[in-house]
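K.L.:
Chain by chain, the residues:
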Amino acid sequence: MSDYDVMVVGGGPGGYVAAIRAAQLGLKTAVVEEKRLGGICLNWGCIPTKALLRGADIAHTLRDLDRFGFSADNISFDIARLVRHSRLAADRLAAGVGYLMKKNGVSVIEGHARLDGKCRLAVEKGGKTDGYRADHIILATGARPRELPGIAIDGERVWSYFEAMVPEFLPASLLVIGSGAIGTEFASLYNDLGVDVTLVEVLDQILPQEDNEIAAVARRSFEKRGIRIHTGARVEELAPDGDGLRCRIRGNGVDELLDVDRAILAVGVQGNIEALGLEELGAETQDGFIRTDEWGRTNVVGLYAIGDVSGPPCLAHKASHEGVACVEKLAGVDSAHALDRNAVPGCTYCRPQVASLGMTEAEAEACGRAIRVGRFNLAASGKAVALAETEGLVKTVFDAATGELLGAHMIGPEVTEQIQGFGIARTLEGTEEDLINTIFPHPTLSEAMHEAVLDAMDRPMNQ
Amino acid sequence: MSDIKALTVPKWGMAMEEGTLVNWLVGEGDKVAVGDEVAEIESSKIVNVMESHVAGTLRRRVAAEDEILPVGGLLAVIADDDIPDAEIDRFIAGFTATPQAVSTREPRQAAPAAPSGGAAEPAPAPAPVAAPATAGGVAESLRQGEDDSNVPATPHARRMAGELDINLHNITASGRHGRVTVTDIEQALGRGHDGHAVPRDFHIPASRKDDSHVHATPLARRLARELGVNLNDCRASGSHGRVCRADVEALAQQRGGAAARGPAMAAGLDEPAVVETIPLSGMRQTIARRLQSAKADIPHYRLVADAEIDALLALRHELNAALSHANITVNDLLLKACATALSQVPECNVQFDGNEIKRFRDADIAVAVSLEAGLITPVVGAANRKGIAQISNEVRDLVTRAKSGALKQHEFEGGSFTLSNLGMYGIKQFDAIINPPQCAILAVGRGEQRVVVDDGEGAVATMLTLSLSLDHRIIDGATGARFMQALVRIIEHPGLMSA
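Chains as they are written, first to last, in the numbering used here: chain A, 1 to 463; chain B, 1 to 499.
This is chain B alone, in the form it adopts within the complex (with noise of 0.2 Å):
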């Protein structure tokens, strides 16, 4: 039976709904391993390294670089040498991208089921409870008898019992503490009670659960890792019935598969080495790329206006003098201030994807990031609802984090507004391009005292300029206004922030 495997679009996060071929990294007629990377794949805000979940030779690159396709779409085909192009092509014509689970993280487990013929590898979750494909070849003597819950077996045992319809009372138990083990039931099995033979290579269908709380050797437990075998699914020989090495490899040879993991593949061939060129990485292509589209589809427009902001840096000395747990900054403040502003005005907490307008309840506001090797944008996620101090103690987190790269696909995702602030570097006023599908972002000057003429009388005042850039599709010019004023009016009666 031949043995078509496809390597299809992954889901990384709730919002992927699509995702951009960016790059190749293995060819055709490539040996693929499990575990290998084999392209570079942009979601809606980062390029990932997609890692092959399955093994063999790449026969097709259905996706060309650059081709965006939805979750799901077929990318290119993997199959042992000897299978005829033709079945390839055959493969192809039949595949239909289907709908998948989120993958938590890497997409090692992210493949749907191949529709037809070729039997993806990974099995489908959740697996079934007593198949009849499964539960054919067993003797109908094995599967009589009463309630077996109470029978010791186990945990992996009692779960091959349940999947083959076994009876636990039907099996000669030898494991410690007169315990019912896999091998009591292969044996059982084998032995045939109607002359049934049990193939030697039970297919253990791949356990899909938490297997973190399964006592394992730390070696066991990272090598399960490396090779996709659940610890659920794996005997425990190891000392203090701990799954150990020796287990993992076991069953990962059972499946076959994943013998090989070799070296990642290199990307890029030919790099000629005497030009002086700086390659994009990820980040910079990403940002290049995005801000370029943002820049040249999104009609601008800029509301600019000045805040009094003595009464803001009075509170900021108050509560940093009260509470030892905080140490909120300016920009704390008018994060929060901002929050609130929205919450007054929420025309303007959407986001806007082309098609249709999603206007938040609650103000998710991402906070621009200066790195080293570009800008990342970590959202403070409700700030509408959260306090001063904690809305400070969470920026600098995120700061730390993004600027250490620990930051999780999911606190940079998404926001419905963003703050960028360059007052530390003396900026007086800026203009900031939208970052979509977000519909405005804020732009803040540094704060500086200034004459201010009020009623014919000149007064110092700490003043400071403030810049929104907004979506002129999406959010008027009164509306825009509207949010610019109430924000002011925050600014300058910071009590209304608590309001």
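If we strip away everything but chain A, and leave its shape as in the complex, we get (with noise of 0.2 Å):
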């Protein structure tokens, strides 16, 4: 006899999720952590990072003041503050997530989990093993930061997001390797702090994910803001040097020595797939994380894996859909939905904000279709001139045929904010039409999306 319907490994935004909707759902469910519930996300990623990069926001405020008319002296930041309330707000959320469990009738089973057998899964905590039976095991691991061959994370002076995250001292110049996300958001996060930013892509634009266009923006107002951006360039030494780091970038015409206090490392994620007896099972993995059908189903009965761990794109949004339509899917919900993975909306938190959903253009074009595509330039925004930042764009892509949104992309103050409406839009499968009889409330910056939809049916009203 089992002890649980499901048990779940992992509690992040994936696994407690899951967790919860498999209760609700009336199965008798567990999840296994071995850390902290919440996992990445709240610990040490989405939640965090926000409350570090509010104060980023103030200090840009604060550098703006004499336009609005005040002025301040003897302005002094602590960093040692600002970090304590990023973990503050951590510890808040970890705990409320705790509280979900016990509200929602789940086990929480500290320690690490291991397969042992199908449907069987030991848990190791401070060497005592008890061993656990579920008809099904939802794996919910996560990924962790992505190391590049010579050169490792060593905690001290290269950093992974996880150190980035608690600096203890705000050093005067940084290298910042990778230019995704993550690698996007310290950037503008260190830069708006005053340190001395360098940022590297080995591709040729920086938020390599993102519309060109977009990209481009984002460039031009960090450029602006002094952060040093080379693309097509790779970083090929990284060696300690006096307290600092000296680093050698090349590619793309550039060949420089470059001396920084510290280094991130952000060059993506891997799936935390080692020591979970998949091989033992032959689970099949791929790229480094665990196969799955649209349902989260591995080639093993009874074995299940989202989030992160099951591939990209590594979002705790996405992680969250995976987990509830995997449950759903197991509990014989007829309405259970497979997520789409081009429906996922992508959010950097970098200033300006970019938010996307979809395909690009290019990508659009790419796929053959006849597509029409519109755009507004947040300088023509009321909204955004009255805050004073205009800096931004709205890209909208759609079929030119159905009228379907193929694709949304947003540049600006508060786009992450906004994106959910276009993603509203896609859900319901809305047109183009559908959009512009839609009702933009004025003056907001929200204005933009309808004048980019109104752009691209050649009907563009303010601009």
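All the given hints hold, so there is nothing to weed out.
Each computed DSS-like pair below joins lysine-lysine, with the alpha-carbon atoms no more than 27 Å apart: (1) B:K386 / A:K329; (2) A:K383 / A:K224; (3) B:K209 / B:K408; (4) A:K28 / A:K103; (5) B:K295 / B:K358; (6) A:K118 / A:K35; (7) B:K408 / A:K329; (8) B:K408 / B:K358; (9) B:K408 / A:K28; (10) A:K329 / A:K118; (11) A:K118 / B:K386.
Read the hints as simulated data drawn from the structure, not as lab findings.
Once you've looked at the hints, go ahead and assemble the two chains, each given alone in its own frame, into the complex.
P.N.:
Next comes the structure, spelled out in structure tokens:
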């Protein structure tokens, strides 16, 4: 007899959400976590970085006080206080997850879980191992920072996001390797806090996942703020030198030796697939992630994987959705909906923020479809002008024939809070007509979304 | 013209022939809207809530609680307040139950047409094509013409034209891309080439066709379901030719009926709050009633035998080591063994309804699953023809979905044999009550090592005690014993399962 109907390994945003859903559906459920509930997202990712970036926003506002008639002297900054705020936010939310588990009747088992045969888990804690049986085991073990050959994260001078999130001091200069969401956010954060930042990206644009026009706006804005950017370039050497690091950046016509205090390695993540007992069970993996079908099912009976460990995009909201879909499918919920990975919005909380959904213009073109593209520059937005935050662009990509919203791409203030509008339109299969017929309130930043749709139909109103 | 409608016993599943009225949820004089819960009806397996498919006042409750009625039997009469009682009486006296089609799931559309006078609201399917009644008012000039299948028209307009026997060549098209629309047809009729006026509320017969392919906004689709409107019948005025909310509402309004959608009527009125009583859930009521009558009516007898399962355990180990896509339990193997034994002794693969014996070709084996709320017995169909891995994965899926309450009715109906296993609780042996109309149930205890004496020598073997309950009306002792013998042989020589 099984101890549980469903056991979830990993208490991050994929695992704990899957566990809650399973319990709601009447299944006896446990979640196994070896560190802290909430996973990377709550403890070392989404939430604490947003707390730090709030500090960066304030630094930016303080530099612009004069415009609004204020003046202030002797403004001082203590990085330790900001880090403390960030840690408190993480602590508070992690405690909240514990409460949610209790409220929903999910057992929380502490320890490291390892598959011990089909439908069996061995959970080890403090040298003691307990065995459990469950008809359905969901692996939600997440991912961790990837390293580069020759560039190891030492936690002292070469940081991963873990160290970058709890600095004890502000380095004078910083090299950020990799310009995905994590690298870009840290580059923006440290620059706003007054650090001399160099950003290196091996591909030919920063924010390589994003539409190239959006990336270009971001690059212009970053360079204006004094962030040095090298695209199409590699960090070929990174060696300790004095108190800091000496690095060599090469590629795209650049061959430069640079001395920096610290470096952040942000070249992506890899799935936590080790020490789970996958090989013994014959569970298939691919490129460092567990292979699954659209419902999170692996090739092994009763074994599922969701979230980062089942492959990119490695985002909390993607993990949560996959967790729910996986559980609803195995529980026989008729309305279960497999995740459409193209419908997962991506958000980067640099300044200005970047948010996107679906295909870039280039990707849509590559599909061979006839498309219509609309743009709106925030310089023409009344609300953006009033806020004195006019750097930004909204771009929409529609299928010319069906009016389907293929992609939406935004850069500008608070765009991460707005992208869901396009997401809802997409989920409801709204067309350009429906978006045009929707009344966007004035004056808001979101009016730019409306204008970008109107522009796609060659009906621009305010530009 | 009076409008009296009948509420009748719905047909929920192929096997349902009669239903018991468990509980009225509305009283005489209550207003009933479409979709309101009106009564609890028990079929052979489960108590379900019946929703009204018509609107009006519940004028008369014809059936009493606990009364058993055939499918199609009259439960109640719904009519407007102004219809005199005498007419209601006449309606009831003249009513005869009509056989009806199986309702796919919920009872919404399960009403037979009333025989006389009061035309029941849901139109009988299929809608008559070019019925004289609807074609009556159409001018000859609109009907004539050659094959109109090439004339561009909206699907709805084409259907309407078909029903009215109108040739689309005679209609001026005003729709997008030059298509004939419903409005065009209505206008043509209204203009009355020969003076015939067309009633404004032209009655569109309700489609029963699958409307899942009709392009509609999500809201329109949901609303259509709520209002009992088929999307095939709606105009499509939304963006990109989709049916939108306004289209669905317009049709519902045209049909009258579905205006009010009130919350479901609450059951049980004056529940005393002070007494500590636990009301029986629908499931518990059904279990209680069925087991009571099974125990009382069926002359049970039991056969007990031990089986050595070391070979079975070895097979299980071998299969599990070899297959990553299955995790086979002892119970899965026992289920397969039962199916094989039932194929060998088909006299035990039967149902008995009190009158005749149904003998099945395939072994559909029910598995007892314990839930917090009670017990349910999902069925593994044709287990004799399925492989062990498939059986194992089906059982796991059925058990999980039983726990989450997601089993479909057909998945726990029927079955010719039940397997009940309490070995995981350390139970050595127990006797089970037969689950009618089945005639046999196998109760399985825990596998344990015992000293077995063979030819004067003691040896250790893993043994399992099986207890088979049988219905003596149908299965004689010797027949049951033959089955048990076959079963033990298969368990002890599991290679026979693949023979």
